[in-house]
Amino acid sequence: MQPLLVRDVMTRNVVTVAPGAGYRRIVDLLVEMGVSALPVTGDDRRVLGVVSEADLLHKVEFNGADVHARLFERRRDRVAKEKAGGETAEQLMTGPAVTVSADATLTRAAQLMEHHRVKRLPVVDDDERLVGVVARRDLLRRYLRDDDEIRGAVIDGVLRGVLWLDPMEVVVAVKEGHVTLAGQVDRRSTAQIAVRLVRALDGVVGVTDDLEWGFDDTTVQHRYTFDV
Numbered sequence: 001m002q003p004l005l006v007r008d009v010m011t012r013n014v015v016t017v018a019p020g021a022g023y024r025r026i027v028d029l030l031v032e033m034g035v036s037a038l039p040v041t042g043d044d045r046r047v048l049g050v051v052s053e054a055d056l057l058h059k060v061e062f063n064g065a066d067v068h069a070r071l072f073e074r075r076r077d078r079v080a081k082e083k084a085g086g087e088t089a090e091q092l093m094t095g096p097a098v099t100v101s102a103d104a105t106l107t108r109a110a111q112l113m114e115h116h117r118v119k120r121l122p123v124v125d126d127d128e129r130l131v132g133v134v135a136r137r138d139l140l141r142r143y144l145r146d147d148d149e150i151r152g153a154v155i156d157g158v159l160r161g162v163l164w165l166d167p168m169e170v171v172v173a174v175k176e177g178h179v180t181l182a183g184q185v186d187r188r189s190t191a192q193i194a195v196r197l198v199r200a201l202d203g204v205v206g207v208t209d210d211l212e213w214g215f216d217d218t219t220v221q222h223r224y225t226f227d228v
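Heads up: the sequence shown at position 31 corresponds to 31 in the UniProt record's numbering, and the numbers run straight through without jumps.
Derived by calculation from the structure, the hints in this document are not laboratory data.
Among the clues, some could well be false.
Think about it this way: if two alpha-carbon atoms lie no more than 20 Å apart in a straight line, the pair counts; the simulated EDC-like pairs of lysine to aspartate or glutamate are [claimed, not checked]:
| hint | residue 1 | residue 2 |
| --- | --- | --- |
| 1 | K59 | E82 |
| 2 | K81 | D103 |
| 3 | K175 | D147 |
| 4 | K175 | D156 |
| 5 | K119 | D43 |
| 6 | K119 | D217 |
| 7 | K59 | E90 |
None of these values were measured; they are calculated from a predicted model.
All chains should be built: construct the whole structure from the sequences, respecting the hints.
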């Protein structure tokens, strides 16, 4: 039940720019490659930052305006003005870059994107060298798994592999990524664990729990804890 990792969905052939790349060159690459941001890397392929359309647009935003910093000006406005006057990737980029390991889970990548409000992340190896880029759309590939493949993962990975259940005891149906579990297991806790594990599988968009159980061991556990 090995989940998909960032290395499984990332784009490997990444176009980068050097710190000294000019404004016009960056614009040309963004348009040519059809992307909204480019990693800025040094000679050792380590990521120094990311230059995006948002960084470049400050030059449009302050076109013809005074870009000198003012007293008590907000840092955000001061940085925007500095980028408006920038001409190279080093002056325009946002850094240090937020990166993700190639061995990270897709969940971790999604958390980083949400926390830092970015659409894509440079992917680095153990030496912090660039090996790819992962975008939001790449993370959604986990839900492209075939229904039959999902059903096999539920039966072999969860029922047999983890819970040691006889697959004949549980009916597994999958339609467009939605899994329905039916049948009877011995304990309520087993049913709860099964649902939780299935929900975490790649490709699963939802789970309907129609499982029945012979013994509710969860109430026994709660009562024992309370009595102690």
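Tested hints:
1. K59 <-> E82: Given pair K59, E82 holds - Cα atoms ~9 Å apart, limit 20 Å.
2. K81 <-> D103: Given pair K81, D103 is violated - Cα atoms ~37 Å apart, limit 20 Å.
3. K175 <-> D147: 6 Å, holds
4. K175 <-> D156: 18 Å, holds
5. K119 <-> D43: Measuring from Cα to Cα gives roughly 25 Å; hence the hint is violated.
6. K119 <-> D217: 45 Å, violated
7. K59 <-> E90: Holds - the C-alpha atoms of E90 and K59 are around 15 Å apart, at most 20 Å.
Hints 2, 5, 6 from the earlier list are contradicted by this structure; the remaining hints agree with it.
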